[in-house]
Amino acid sequence: MKAVKLLGLVLFITGFTIFNATFFTADYRLNETILSNQFNDESKVDIFKKHTDLVDKSVGSNFDFVNGLGETFRKVNDEQLEKFGISKGEIDAIVNANNEIFSLSSLSVLGDDEIGQYKQKTFNDYGGWLDGRSFDSKEDMQAQISNVVENIKKYQIVNEKGFDQYQVKDLKYSLTKASSTGAVASNPSFFILLTYVLCILGAMLYILPKLQDGPPGIKNDGIFHSAMKNTGWLGILTGVFLIIFYIVLYFYPEYMTNWIIMVDPVSQFLKGSDAGRFFLYGFIYTLCILVMGVRMIIKYRHSKYQVIRTFSVMFFQTAFAFLIPEILLRLNQPYFDFKNIWPLDYDFFFDNELDTLLANGSLGIFMLGWGIALIIIGVPVFVYFFGKRWYCSWVCGCGGLAETLGDPYRQLSDKSLKAWKVERWMIHAVLAFAIVMTGGVLYTYWTGSSQIIGLSTYDVRSVYGAWIGAGFAGVVGTGFYPLMGNRVWCRFGCPLAAYLGIVQRFKSRFRITTNGGQCISCGNCSTYCEMGIDVRWYAQRGQNIVRSSCVGCGVCSSVCPRGVLNLENGDTEGRLNEPLLIGNDGVKMSS
Amino acid sequence: MKHIVIIGNGISGITAARHLRKQSDHDITVISAESEYFWSRTALMYIYMGHMKKEHTQPYENWFWKKNKINLIHDYVKSVNHENKKLKLDKKGDLIYDVLILATGAKPNKFGWPGQDLEGVSGMVSQQDLEYIEKYTKNIDRGVIVGGGLIGVELAEMLASRKINVSMLVREEQFWNNVLPEQEANLIGNHIKEHHVDLRLQSELKEIVADENGRVKAVLTGDGKEIPCQFVGLTAGVHPNIEMVKESGIECGRGILVNEYLETSIPNVYAIGDCAERRTPVPGRVPIEQVWYTGRMMGEVVAKTICGEKTEYLPGHWFNSAKFFDIEYQTYGRVWNKLKENESEFYWEHGSGKIAMHFIYATDTKKFLGVNSFGIRLRHETFDQWLKEEADIYTVLENLRAANFDPEFYKRYEVEVADAFNSQHSERQVSVKGKKSLLEKILG
Ligand SMILES: Cc1cc2nc3c(=O)[nH]c(=O)nc-3n(C[C@H](O)[C@H](O)[C@H](O)COP(=O)(O)OP(=O)(O)OC[C@H]3O[C@@H](n4cnc5c(N)ncnc54)[C@H](O)[C@@H]3O)c2cc1C
Ligand code: SF4
Ligand code: SF4
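Those protein sequence lines, which keep their order, are chains Z and D. Residues 1 to 591 (my numbering) are what the first sequence spells out, left to right. Residues 1 to 444 (my numbering) are what the second sequence spells out, left to right.
Heads up, none of these hints are tricks.
Here are the simulated DSSO-like pairs of lysine-lysine, each with C-alpha atoms no more than 30 Å apart in a straight line: (1) Lys53/D / Lys2/Z; (2) Lys135/D / Lys206/D; (3) Lys340/D / Lys388/D; (4) Lys354/D / Lys323/D; (5) Lys2/Z / Lys138/D; (6) Lys304/Z / Lys163/D.
Derived Cβ-Cβ restraints for the label pairs, each shown as a range: (7) Glu194/D / Trp233/Z: 30 to 38 Å; (8) Asn213/D / Trp425/Z: 53 to 61 Å; (9) Ala402/D / His225/Z: 39 to 47 Å; (10) Glu416/D / Asp274/Z: 55 to 63 Å; (11) Lys388/D / Lys2/Z: 52 to 60 Å; (12) Ser24/D / Arg509/Z: 37 to 45 Å; (13) Lys310/D / Trp425/Z: 43 to 51 Å.
Reference listing, derived: stretches of chain Z covered by chain D, where coverage requires no fewer than 3 residues with Cβ under 8 Å from a Cβ of chain D: (14) 205 to 216; (15) 222 to 233; (16) 298 to 306; (17) 516 to 528; (18) 573 to 585.
Hints are computed from structural coordinates only; laboratory data are not their basis. Virtual Cβ for every residue (Gly too), placed ideally from N, Cα, C.
Assemble the whole structure, with the sequences as input and the hints as a guide.
This is how it looks when you write it as structure tokens:
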């Protein structure tokens, strides 16, 4: 068995090493066809070509290539601004052509040639409202005009004649992906074999022999001696890898094109088109849940609750989060994850999402209704009957990853009272932020105005997306597994968890019951509570555990060596009980 | 305002301190030589096995004590001068008290075996023992454990978790059968062997043999066998830790003698927990009860008495629990290792050999007296209620469903248990009451 495990480890490390090596091994060759396909604008192709030396040349490093692209975009923009922008001298000329009252007719100084007309037209569009305005001084007028000119440059020229920041971001990624050549690009399926299949095989060879590790029971031996599970060097290394992975995924996808190309065949198979970065992410995510789910099931094979629960998260991830949305795309229907709920699904009410759903007939309407019903009926009703666990540790994707890939790290959560205090204000602050952000988005959707009290709702939502959606949920949420436990996001950040938690705390039949006087204060329950709940505090005084953060993973109950804890749905009367220990008949003891 | 000093920061001393603080604003000082902060002795094994670190076994965060104005002194008490109400501490000088609570705990038994003090021989009670065991079991091949019983099994599990071979010498013909009835002793014995422990029944320690450096190298057993080993764990029970108290002139038997109010022979001096011995035991119970729960209950009671509400120590129905490797054990009421007069039994064991229930009831009245449960969690509250109401065995079996405390989705055995009872007892048949859960219906 030892040999099999070792073989598994070797295979896994080999696959993982090849995977990482492919990050660096592509060559990049840009050509005209790629440019025309991506730009859809021959004039842009021409000017791009003028400023680049990348075309028809092989570049060996993705860093050089992406830098080269960035440089070119900058040069193109500089040239176009120079050419189509109104210059300082022209601003002066315009000012001089006016008295204290500004008139659009003064724009004739810009000339009548093609470029002059363009300048006049854009000024008319952006500064038309200045017509007939009077100014106290020339300086005032000049400042106004300069302002208009800057806006033209920023919002019109860069966009129309050059490349604005969003295009640059997208194009860097799509050009890099299309230009990739080399082993992976020419044979992605083979590399799937060399990386994913090898890793899965290795992991299975490593995991399956655990069936022989003695009779079923709690398998926590050596956890705090482990370099991986006790934030030793291996844990820190893993954390660093995950953090980098997430940063690249969310903010610099242009560097990971080889990885995305590798899963193109899978994507083609499922939805009939090439993969994007979030397809890659969903693919890896699902594999992690499945492979580590098998590990979880073997580890807790004595506990039916854990086994069934783990099957549940594996199922919901694979079917609901991964397959169904991709298949919907194949059927030309909107991408939709039927188990994702606002405000975790923070872009549910974004204009583009709403438009897509509304444009897709009765199925789209149904999806919209379904999503809203989950928020206002599903959450309260299910939490009332089962506690928030029905979602957090049975259905949710974040929870699914935490309970499988994250299981080895659950003991790293901070149990201190201080952490609980931080948790309470932080998670509710994120909920408030999500509500305000969504309110703004809907306001814009209905009124068409993008400004509320001087704030752009687009800015608010992009801040939320970057800091909460990507930064907190992704980089911190998963990257910090080996450093702060597997539920950092669920505990400190998830706005849906906050909402579920409020219902659970005040209106639910769920509680964890403690068994009379049996607790020996050993601390296993608190140690292995991934939400950092000091379960023992309650157990040793005979008090039910009713906490908004409890995700009902049931691990506290599993690890308790004295059979003290039980997750139960029951009568709401007596749920918030006074602490009471059984056993001492001489005194009525409230501990 | 009085100065109440407690010697010992175990569960009994700390419970007393906490309840004193709740009920009064006396000065409270807790002294311990073992550790700065209260920790859970019951979790000792988990630290060694890497399930937890020491700080995880501390039930209260370190700020707790200051916030609740409980002074902690990390020092050894060398003597008690009860005439002047003065303690002599090893490092920190003298300390005056008004009221003294002795909660000094217990120490491992050593029966004068040759070699019992060699290097590499250890009991398993304190943090110092834990450090010692840690040091002397590094990379060793085999450890020998002397004495079965709860601490012995825990030590066996600890060593096994580090892949160290374990031999366990048990004097009796079955594992822990001075406490467990034969059936259970068998069941647990088998499970211990399943974990590759070399369980040697009816085997006594004769001598521990040293190598040239004075370190353990082997154990000789009563039947003349030699077991080479590098570590010996002595887990043949514990005895009250009373030397210092005894020398100070406080009356002791095997433990510090106390009356029903936990008062010792000296006014204003109380004794609680593992170190205390009842002059007249609570009916149906032994004079020295060394378990976590009794220590806690005595702490609760003594706090009441000291705060002016004189309260008798009256523990309710007996309960206890333990875990033997993977098998959880709970007991409510009294199940003695051998049936007493006018006691009948009903034993059920699942085919797996890992799940069992043993019911004891009065032969004449059928009154339920106690249950041992293995691999099935039972609800304390329900059983306590049945014991208080003097329910009969039929009531218990028919309502067993309500007493189940296993997690959701676990297989339920009530019907199987009742069927087994019915096939053994033709005089009256029981049928299980209560609803079958939906899942039970689906999963059968
Ligand atoms: C390994 C192990 C596992 C156990 N598991 C269980 C279990 O699962 N269930 C159960 O019910 N019971 C269990 N027990 C028994 C239970 O732990 C004890 O009954 C309980 O801890 C006794 O508490 P106590 O407060 O009386 O004494 P202790 O916890 O022993 O505390 C006494 C303290 O007093 C200190 N002290 C003594 N003399 C002096 C002095 N002169 N000066 C300063 N300090 C002094 C000692 O150093 C010690 O720290 C277990 C015991 C052990 C050793
Ligand atoms: S209290 Fe128990 S069930 Fe709830 S999250 Fe913590 S370990 Fe899981
Ligand atoms: S694990 Fe069980 S016995 Fe240990 S502290 Fe928690 S509830 Fe008490």
